[in-house]
Structures are given as C-alpha cells and as structure tokens.
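Protein sequence lines, in the order shown, are assigned to chains A and B.
Position 118, counted from 1, in the first sequence is what our numbering calls 118; the numbers after and before it change by one each time, with no gaps.
Every position in the second sequence, counted from 1, becomes a number in our numbering once 428 is added.
Fair warning: there could be bad hints in the mix.
Taking lysine-lysine and the DSSO-like style, the derived pairs with C-alpha atoms no more than 27 Å apart in a straight line are [claimed, not checked]:
(1) A:Lys214 / B:Lys487
(2) B:Lys494 / B:Lys483
(3) A:Lys179 / A:Lys284
(4) B:Lys716 / B:Lys498
(5) A:Lys159 / A:Lys284
(6) A:Lys392 / A:Lys159
(7) A:Lys392 / A:Lys169
(8) A:Lys135 / A:Lys392
(9) A:Lys392 / B:Lys483
(10) A:Lys135 / A:Lys159
(11) A:Lys79 / A:Lys50
(12) A:Lys359 / A:Lys392
(13) A:Lys138 / A:Lys124
(14) A:Lys169 / A:Lys50
(15) A:Lys392 / B:Lys487
(16) B:Lys494 / A:Lys392
(17) B:Lys487 / A:Lys79
(18) A:Lys135 / B:Lys483
(19) B:Lys669 / B:Lys498
(20) A:Lys392 / A:Lys79
(21) A:Lys79 / B:Lys716
(22) A:Lys214 / A:Lys392
(23) B:Lys669 / A:Lys233
(24) A:Lys124 / A:Lys214
(25) A:Lys392 / B:Lys716
(26) A:Lys169 / A:Lys179
(27) A:Lys124 / A:Lys284
To be clear, the hints were calculated from the coordinates, so they are not data collected in a lab.
Here are the chains, one letter per residue:
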Amino acid sequence: MKRFMLIAVLLASIGTLIFAAGAGEKAAPAVGTELTFWTFQDIHLPFYEKMATLWNKANPNRQIRFVGEVLPYEDMHTKLLVSLQAGTGAPDIVDIEIAKYPNFLKGNIQLAPLNDVIDPIRDKFVTSRLDIYSKDGKNYGLPFHVGAAVIYYNVEILKAAGVDPYSIKTWDDYMAAGKRVLARTGIPMTTLEVTEHWSFWPLIAQQGSDFLDKNGNVVLDNPTNVRTLQFLKDMLNSGVAIPTPGGFHHSEEYYGFMNDGGAASIWMPMWYMGRFTDYMPDLKGKILILPMPSFTPGGARSAGMGGTGTSVTLQARDQQLAKDFLIFAKGSVEGNHLIWTDLGFDPPRWDVWDDPVMKQANKYTEYFVNDDIFGMLLEIKDEILGVNINEKLPAVIDRLKSTVMIQALQQQNRTPAEALREATELTR
Amino acid sequence: MLTKSKLNAFKIAPYVFILPFILSFLIFYLYPIINTLIMSFQQVYPGQVEFIGMKNYQKLNNPEFKVAVKNSLRYTVYTIALLIPIPLLLAVLLNTGKRHYNTLYRSILYIPSLVSIVVAGTVMRLLFASSSRSVVNTVVGVLGVQPRQWLLAGPHQAMILLLILALWRWVGVNIIYFLSGLQNIPDELYEAADIDGASTLQKLWRVTIPLLKPTTIFVTTISIFGGFAMFEESFILWAGKPSPNNVGLTIVGHLYNKGFQEGEMGMASTIGIVLLIIVFFLSISFLKIFGFFKDEGKR
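Chain A extracted, bound-state conformation (with noise of 0.2 Å):
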C-alpha cells in the first residue's frame, strides 16, 4: 500500500510537471522557424505574440514560431550578457532596457546591426530614439515608445482637497498643492522612489540636464541636478511626498498602496499607465494624465524616458528572418498602432501620431480619466526633451539606486550635493 501511494505521488507530481512545461510553450504552432526571445517585462510579450500572428498570415513562405520567455529583470541581463560572452545560448530576439543597454555595446558588439531593414523607412522614426540604441553610425535596437514623462493625478483626493489640476502649472505650484492637499485630507501628494531614479531622472531632463553630457562624461553632480535634489528632499520633509512604500513604483508594496489611495499624484513616463491598468485595478475612471508641471513658465513639460530597445542578437539562428520579423512587429504602421491600442506605449514612428486609431477608445481611454490621451501627448511633444545614453550609464544608475536617492531622500544622512558628488567621483 505505501509503496503504491508512494508510485501515485511520484506520477502525480510527474504530470503537473508535463503540464506546467507545456503551459509555457501552447501559444506556439507547429511549424516555421523558432524565434526565441527574452523579455524582463511581462505586459511585452503578448504584443510580440499578436505580431508573431500577424507575420504568419502576411507572409505564408516564411513561417515563424515565436517562442517568447519573461525573465526577471536584472536575471535576463546578467542571463543574456554571460551567453553573449560565451558565444552561446542566446535568444534569437531580445528587449534589453535602457540603464542596460550601454553594456551590450563593449567590446565586439554580439548584436546584429539593424541599419538595413531600418533604413527604407528610417524618416518616419523619432530618430532620437534610434540614436540611444547606437553605436559609431550603427543602429542595434528598435525602440518601443518614446516613453514621454507625465504626472498622473488622482483627482478623487484632488477634489476632496479643492485643487484644480489643470491650475498646476509649474513645481511651485505643484508645492502649493501639495501643501493644501495634505493639510486637508491628510494624504501625501506624492511619493518618491528611493531605490531608484524614475523621480528624479524626468525632472533633471527637462531642465535640460542629465547623468551624462552629449561625449559621455559624467556630469551627475551639476548645480541643476543638486538644486533638484534639494527641492526633493524639500518635498519630503514638509510631508508633500513621502519615501514610496517598498522603495520604488514598482514594488508590490506601492501598487497597494495606491491603489487604495494613498498618494494623489505619481510623475512617471507614459509607459507607466500599464501599470495602472494591470496592478491597481480599484483607481479606475479616478487617474488623470496630465503634462508634467515645469521649473519655469513655459519650460519644458516633459522628457523622453525611453524603455527597452529589443535587438536580435548575432546568435539569431535565421538573422534575416529575425531583422524582418523585428522591423515588422516595431516598424510597421500596424505595429505602431499596437503599440499605442495594446501597451498604451506613445509609439516611436511620428508618422502614425495623427491616424484614427490614435484617438478612438481602448482600455487606456476606458481606465484614465482624459477622453483623448494621444491628444494630450500631442500638444507636447516638442516638449519631450531626450536623455544621453552612453557607456557610463549602467554604472552611474546602480550608484543612484545603491546610494544617492536613500542617502539624500530617505536617510538624509548626506546633503543631496555631497550624495551626488561621491556617485560621481565612483563613476568618473
């Protein structure tokens, strides 16, 4: 009898783990070629999926089975950096962000150049946002958005306080607010990442400062960037903004948090908004998009915080097939309005900006307060101010989040220039 049970559990727990192989894998049909491809952000894959399906039916000679895998964030870079190194087990296509990206172009670069199939339709992109995933005239990654900074209001706590959004116009202002908000319901107006950077990078770049100059050089200790960090540290400590629960937006401790309602405002590029839509369901029709407040009347009102460039990598089985299939999911008109309808990303082709599809209804126009999010984005855009990408990159954001955010925001144990000044003497 034991030894029966003991065969029963032994099959039992063979078969779940037969299905739980095989739950990973239904989405891909039989035949074609096998794309592999890693991604760190979940809300990704099932676009590439849908695109996957799109190029079957378009292109019946060149069939392809795309098998996407999501790793966890800093798991698929240290993954994907030692199987390039190693020269094998690489995916055939992969997302690689942004703070990372600079890591991938050293030495003899494993990605495959992009040039050729970006090139027929290179005047239709927002080339800025070419230029971050390149190297010597080369272009190795296709964007995904242009990742456009905005300020998203809960105007249920806004109008419990008497704040008009729409009167913030500048950070004095959002102080102000601030100020009022929680004077009378008691709530902070905002939280701010401690153990990243995503509330502080948005703000320096549309003073038009940055981590680094346009050659590279770390200029994260400038007097913009100080005076920013004073004025965040200033937001902290008269209660306007508290340290975010779990250290940064997104940390499952933050998504609770506000999705009960714990702050009334978060600044966060415009690829946030899936995080509204999946994570903290219970704001819906209570979040307002709105341009980020300036330093200055009439400064800039947002920055270009772009996200993940996807590349294909030199150990691409079918290299070709991979550039085609890559062109085809992020370059197309098709692609682009996916982008926007499915990931409420603000697409990198500025050509499609101005279709149709742009402003009718999604489950973003649905969940957010504003009827015409596009809109809204377009009226700024000549306002999105880009950032440098460059070598030094990964190396100053670990700085950042390691020690000069918790230093100079929530431990205070450092000036916000002297926090500054010590990253950037370890980056230098």
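Mind docking chain B on chain A? Use the hints.
Below, chain B without anything else, positioned relative to chain A:
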C-alpha cells in the same frame, strides 16, 4: 603474474585511486583559478581581450569595495559569534534528556537548511515587506510599534535581518557537527567528573567544551568560508536590486555586480583573486593560532 608485480613495483594503484580527484581538481579548480588570475590583469569584453597590467587592482581602491569588505567581515564575525555558541549549547541539550523528543527537535532544527536560500530569502523579504499589512508589521503593530520599512531602514537592521536568516538556516547543520563531536567524548570522563562532584556547568566547561575543540575549529573554519562567500541572502532579500546604501553589499556581491551587471569580467576576476587571498590568509592564521597544525605534527 608479471603485470601484478609490475603494478606493485611502480605502485600504480594509489595513483589510480586518486586520479578522479586529481582530474576534477585540475579541470574544475586549478584551471579556472589560473585563468581567473590571468583575467584579473585583463580587460575582458566579448571578442576583445587585452592586458592592462595592474589597473584592475588599482581600481579596487574605492569606497564601494571597502564597504563590501567591511560588510563581509562584519557578517563573518557575527555569524561565528552566533553560530558557534548557540548550536553548541543546543547540541549539549539535545544530547541529554529523552531520546524520543530529541529526534523530533533535531529534525525541526535541521529542516530549514533543506530550504533553498532563494525561497527562504523571498519569504523573509515578504515577511518584512514595508507595507503596513506585512506579517512583521502586523505583529509589531499589535505590540504598539509603528510599521517600518525594515529592509530600507539602515545598516544595523539590514545586518540583523541577514543574521536572523543565517541563524535560522544554519543552526541545525552546526548542531549535527557538534552532536557527532559529543558522541566521541567517552562517558567515563563524565563519570569521573561526577565522582569528583563536578556540577553540570563545570562538566560543560571543563570536559565538554575542551574536548569539542576539533569540532569547533572545523565549524569555525567553514563559517569563515561561508561568511565571506555570502551573496545569495542579500541578493534575494533586496530582490536582486542594489541594496539601499550598500548595506547588503558583500565581496561576492561586488564581484557579481562588476562581472554580470556591468560586464567587466576582468574586474570581477580581480575581486575574486583578492577574496581568495583574504580567505586563505584568514583561515590559515586562524588554524595556526588555535594550534591545528601543531596537533597534526605531533602525531
């Protein structure tokens, strides 16, 4: 007959027996160590490898590496301070008393070491999550303490969390070592001590602890290795992100960051070599101080 005598003459048999070890040592230890040593003088990028002399070693003179060394050293000292006396006393307790209960307690204390660090670290992270609804915050809330962001709270709390994790995981293993050491102490010594009228405490101090010295030296040595090799715990506890203010940055963590996050394999090799040297000297001098080699020599 001829072959047999030949075998004996050349004494091939012993070499055959140690061959598996020698081979695996050469392939999996010596070759990588030599290669790492070479790489520590190189800048290693995909397809581009060049010698850069001592530059990697010079770059080690930075605050981050110092923080890493300090953290590793502190962690090692604290784990030894906790993971020697506590398991020793528990082992002594488990060696007396009723056999039936002892087996139960032994199993309970041993089970944590079977849990993967990744699982344990993730559970720990969720227990101490900064949400006001996390388990620990709920418990301390009942006691009237404000909810806290435990994992972001600073170096002391971070170290305490790491030590709790280490203690929970390794006490059971060390108990096993000490129990086997206790079993080697002859009962006659205790009987003699009883006849001399020694108290329980005196027996512990005068008989048990001195006779457990070889076990204690062994456990301390592996704790030095374990302490300096610590990486997964802090990596998982902060979900793979850099720990706030580098409170959880260890030497191996620094190696990982350089090699796998920044793609500087040469620099990572340098850190590995320095770690090897540190651990080698620490354990050799520890063994020397406690007379480990002297004992061996006498025999």
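Evaluation of the provided hints:
1. Between the alpha carbons of Lys214 of chain A and Lys487 of chain B the distance comes to roughly 25 Å, so the proposed pair stays at or under 27 Å and holds.
2. Distance restraint check for Lys494 of chain B and Lys483 of chain B: the Cα-Cα separation of roughly 17 Å lies within the 27 Å cut-off, and the hinted pair is therefore satisfied.
3. Among the hinted pairs, Lys179 of chain A with Lys284 of chain A is consistent with the structure: their alpha-carbon atoms are about 25 Å apart, no more than 27 Å.
4. Of the pairs offered as hints, the one joining Lys716 of chain B and Lys498 of chain B holds, with about 23 Å between alpha carbons and a cut-off of 27 Å not exceeded.
5. Proposed proximity of Lys159 of chain A and Lys284 of chain A is supported: the alpha carbons are some 16 Å apart, at most 27 Å.
6. Proximity of Lys392 of chain A to Lys159 of chain A is assessed by CA-CA distance (about 44 Å); at most 27 Å being required, the pair is judged violated.
7. This hinted pair does not check out: Lys392 of chain A and Lys169 of chain A have alpha carbons roughly 34 Å apart, beyond 27 Å.
8. The straight-line distance between the Cα atoms of Lys135 of chain A and Lys392 of chain A is roughly 14 Å, inside the 27 Å bound, and the hint therefore holds.
9. Only pairs whose Cα atoms come within 27 Å are accepted, and Lys392 of chain A paired with Lys483 of chain B is accepted, the gap being roughly 18 Å.
10. In summary, the hint linking Lys135 of chain A to Lys159 of chain A is not supported, as the alpha carbons are separated by about 49 Å, beyond the 27 Å threshold.
11. As the CA atoms of Lys79 of chain A and Lys50 of chain A are separated by approximately 26 Å, the hinted pair is consistent with the 27 Å bound.
12. For the hint linking Lys359 of chain A to Lys392 of chain A, the alpha-carbon distance of about 39 Å lies beyond 27 Å, and the restraint is violated.
13. A distance of roughly 17 Å separates the Cα atoms of Lys138 of chain A and Lys124 of chain A; the hinted pair therefore holds under the 27 Å criterion.
14. At roughly 40 Å between alpha-carbon atoms, Lys169 of chain A and Lys50 of chain A are farther apart than 27 Å, so this suggested pair is violated.
15. With a C-alpha separation of about 15 Å, the suggested pairing of Lys392 of chain A with Lys487 of chain B holds against the 27 Å cut-off.
16. At most 27 Å may separate the alpha-carbon atoms for a hinted pair to count; Lys494 of chain B and Lys392 of chain A meet this at roughly 21 Å.
17. For the suggested pair Lys487 of chain B and Lys79 of chain A, the alpha carbons sit about 26 Å apart, so the restraint of at most 27 Å is met.
18. A distance of roughly 26 Å separates the Cα atoms of Lys135 of chain A and Lys483 of chain B; the hinted pair therefore holds under the 27 Å criterion.
19. A distance of roughly 20 Å separates the Cα atoms of Lys669 of chain B and Lys498 of chain B; the hinted pair therefore holds under the 27 Å criterion.
20. Using a Cα cut-off of 27 Å, the hinted pair Lys392 of chain A and Lys79 of chain A holds, with the two alpha carbons roughly 20 Å apart.
21. For a cut-off of 27 Å, the pair hint linking Lys79 of chain A to Lys716 of chain B is broken: about 42 Å separates their Cα positions.
22. Pair hint Lys214 of chain A plus Lys392 of chain A holds up; C-alpha atoms about 12 Å apart against a cutoff of 27 Å.
23. Distance check on the hinted pair: Lys669 of chain B and Lys233 of chain A sit about 23 Å apart at the alpha-carbon level, within 27 Å; holds.
24. With a CA separation close to 24 Å, the supplied pair Lys124 of chain A and Lys214 of chain A stays within the 27 Å bound.
25. Taking the CA atoms of Lys392 of chain A and Lys716 of chain B, the gap is about 45 Å. The hint is violated against a cut of 27 Å.
26. Only pairs whose Cα atoms come within 27 Å are accepted, and Lys169 of chain A paired with Lys179 of chain A is accepted, the gap being roughly 16 Å.
27. Taking the CA atoms of Lys124 of chain A and Lys284 of chain A, the gap is about 34 Å. The hint is violated against a cut of 27 Å.
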